[in-house]
Amino acid sequence: MSNTLITPEAEAPQEASGAAARTLRAAARRRALITGGGFILLGLYALWAFGLGTKSGIDATFGMTVSGSGPEVGDLDVAARATAIAMAVLCMAAGVARIVLAPDNKLVGRLTAGVFVVAFLVAFLCWAVAGKQMSFAGALQNTMLAATPLILGALAGVIGERSGIVNIAIEGQFLFGAFGAALTASVTDSLWAGLIAGAVAGGLVGLLLAVFAVRYVVEQVVLGVVINLLVAGLTGFLYSQLMRPNADKYNNPDIFQSHAIPLLSDIPVIGPVLFDVNIIVYLMYALVVIVHFALFNTRWGLRARAVGEHPTAADTVGIKVNRTRYLNVSMAGCIAGIGGAFLTIGTVGSFSKDMASGAGYIALAAVIFGRWRPLGAVAAALMFGFFKALATSLQTLQTPIPTEFLTMLPYIVTVFAVAGLVGKVRPPAAANKPYVKG
Amino acid sequence: MTALKLELRGITKRFGSLVANDHIDLTVEPGEIHCLLGENGAGKSTLMNVLYGLYEPTSGEIVVDGTPREFRTAGDAIAAGIGMVHQHFMLVPVFTVAENVMLGHEETQALGWLDRRRAKKKVLDLVAEYGLAVDPDALVEDLPVGLQQRVEILKALVRDAKVLILDEPTAVLTPQETEELFRVMRSLRESGVSIVFITHKLKEVKAVADRITVIRRGKVVGSADPAASETELASLMVGRPVDLVVHKEPAQPGEVRFALDKLTVLDDFGNVQVDAVDLELREGEILGIAGVQGNGQTELTQAILGLRRPAAGSIRLDGRDITALSPRKTLDAGVGFVPEDRQHDGIVGEFTVSENLVLDLVTRPPFGNGISVDPKAVRDNARKRVAEFDIRTQSIDTPAGSLSGGNQQKVVVAREMSRPLRMFIASQPTRGVDVGAMEFIHQRIVAERDIGTPVIIVSTELDEVVALADRIAVMYRGRIVGIVPPTASREQLGLLMAGVDDPELLARAAGNPNLVTEDDSTATAEGSAPEADPTAGEEGQA
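These protein sequence lines map, in sequence, to chains A and B.
Take the first sequence: its position 119, counting from 1, is numbered 119 in full-length UniProt numbering, and each next residue is one higher.
Take the second sequence: its position 467, counting from 1, is numbered 467 in full-length UniProt numbering, and each next residue is one higher.
No false leads were mixed into what you were given.
Subject to a maximum C-alpha distance of 27 Å in a straight line, what follows is the list of computed DSSO-like cross-link-like pairs (lysine-lysine):
1. B:5 x B:219
2. A:55 x A:132
3. A:249 x A:353
4. B:122 x A:320
5. B:329 x B:262
6. A:320 x B:120
Simulated from the structure, these hints should not be mistaken for laboratory data.
I would like the entire structure built from these sequences, with the hints used as guidance.
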């Protein structure tokens, strides 16, 4: 035979031809039309409600100084009506650009979506804050408070799912971590002991998940929810029986104080928000960097991802699939446990019943929204945290719309993201699939 | 590289009451290509999974260079110098070639940091040494199966495998890719690697083996010389003399009954899997759809049955547009359908044989009226079909899942053929089916054609398509790249299966049937190809 006929090069991927390519292009155009049209309609709404709905001649004032630390920054006064109108027009421009510019270009899609979201938000804020004052810097600080446990929980979720175990039990890890940290720090009078206890407590919940998911092949989603209920019940019981009667002894930990990093914390606005924080937040920064690079650049990460994508393949090259899963899920539990510790010894200074209040599930949403990538999950967690902080700020301003709507917004976006409307989302292939050897 | 002698002594593997391997003895000499020949389900893969540490043998021992060894995990087997290319590739699709090759065997710097450059260099060195061209930075999921297989071989070589097990490696390859694989196998043998080559295809055995061990029903039934004739090998493998020809009369094609017009189908991820396919099917003919697995055949059959909504184009049966019909309505329109994965889509394993025989018929007379079912009619029908289709079952109340693969497939075929059909479509009709059942199923398909039903056979077994079809349409990356008569040469079909549609090359190939299948030039005009592959198509001798 003529060996030259079939070389691998001859099989180079070919573009889908003719009708098929047209079908795909038509689908992309349709998507662009729907998204862009949506932007324009919402822009029109912003114009009517936020722009024309604001009286002319009044300012919206945004406080930019972080209370207590950092450099003094002047307040930002903007002409509310004019700015809102300009931003509404920008929203519509983003919609037009989405439709007119290359519809199947990903960059165009992301840029226009980004411009739209920011412009819409600014228009909304101008309207809501018109004639009043809102501390924007304070909102950023609250963002970090809300986002720190979310980010740690999301890292735990990413590690678990990348290894093939869906970690629904983040909520339980938060709660047990928070409880363990508060109790230990109170009893030993050492914050560091509390932090370690929080990590260990979270790790134990992770180990429990791993044992049932790996050893007893229990459906992971159901298992995770059950574990969350178990931990909620257990900590609730211990709280009312042990902690509340002896609060001074068992539920009175210190709080990690914040430490300013010289120079960095002098950056206006974001300096004190990011670099005058306590040790758990710095630890979170380190973990984000470590987990991201380790997952994609180390032997541990390569094996973890192999186990989560194709466990049989991993097994056939001598990787111990179930041992890897045990280890990673327990480790992830420790990270979430640190997030739980932040809730008690990082902010509030005491444990209270069900104090995680659903943050674990939000962290899980951040995992999905961040497409199972550590940095993506961090971005999603920050967004969730920002919206939560914004809702808190607006509550005090008494805007006509219920602030709950604002807190709902990120989850609506998540549902759309998970439904694949924002782009293709591909979870690790073997997530939630137990590995049982033949 | 020092060669290695491998012996299996009295290996027995039981799964519950099933004995998959029964006291198997096998010796692989250093530097030989040792062929393990046997039908589907004979226990070849089980044996190799025992050898590779994936299954623990019930009894028996593995001896490497004279020392008994125990392989508890694949890692133990790898450490002993055994490499395996699995039938279903063990590659992580979202990893690059280099990442897949180094997985479990990583080149690292301090703190476990991956040394990607060294891993890549190792791959390139092996590529150069054995002529296995592949780009180390390519994502595995983007590679065609032929190249994915090379990655699997590289994985074994990078671990210094001295015995390489290839489990049905040619099932996913075009004839040309198969030839290329054989070249690689020979060059590996030259450098001292022994190869255990598992297959059920006689032509390939004859082309490449140094020694042949034949396995039947979990037992070694003998060894053979590669010089033995295909008929001899076939009867050794099957256990009785077999006739390697499908007997059928020339087709009498009538008018066009079924037509696809620019049919385009996407998969779940929005990728085009069927790309503007035009196809016409006439009364009384069998159209074979050939092609390497994963080139859109699955999506095409799903679209025809209505399981997957086409993105564009139309499907017409007897002038009626059935494009948007649900599977129920498509069946009602007279389409008989044998799905490619029978255990998943063809039968309900927990249901009895008699229930499975009326799965899609129970809502209508004579079996029921939409509210209740008439058990007597169901049982009468079952007795009739079991006799007619020679379904070997303990009783009609036996769960269908406990039948052998061949008899399960007979249940599916019997059900689909037990009503008047306007069209019949069968996907992989004899995958994993023993020879007796295969002969019977082929006979029934030809009989269905002879009463005028248009038939489509989708099969990745080229031999089966050649034996059964009156016309062969070759699918490549979602397109029909050519329609040829069954007398077309293997090389021509192979080129089409690889997507080559250059008329000049094809014309040259048509006159040059010099591939693995030297004897194809004797194929007759009636479409009766001499068949070497008894699992693909033969008849007579029941």
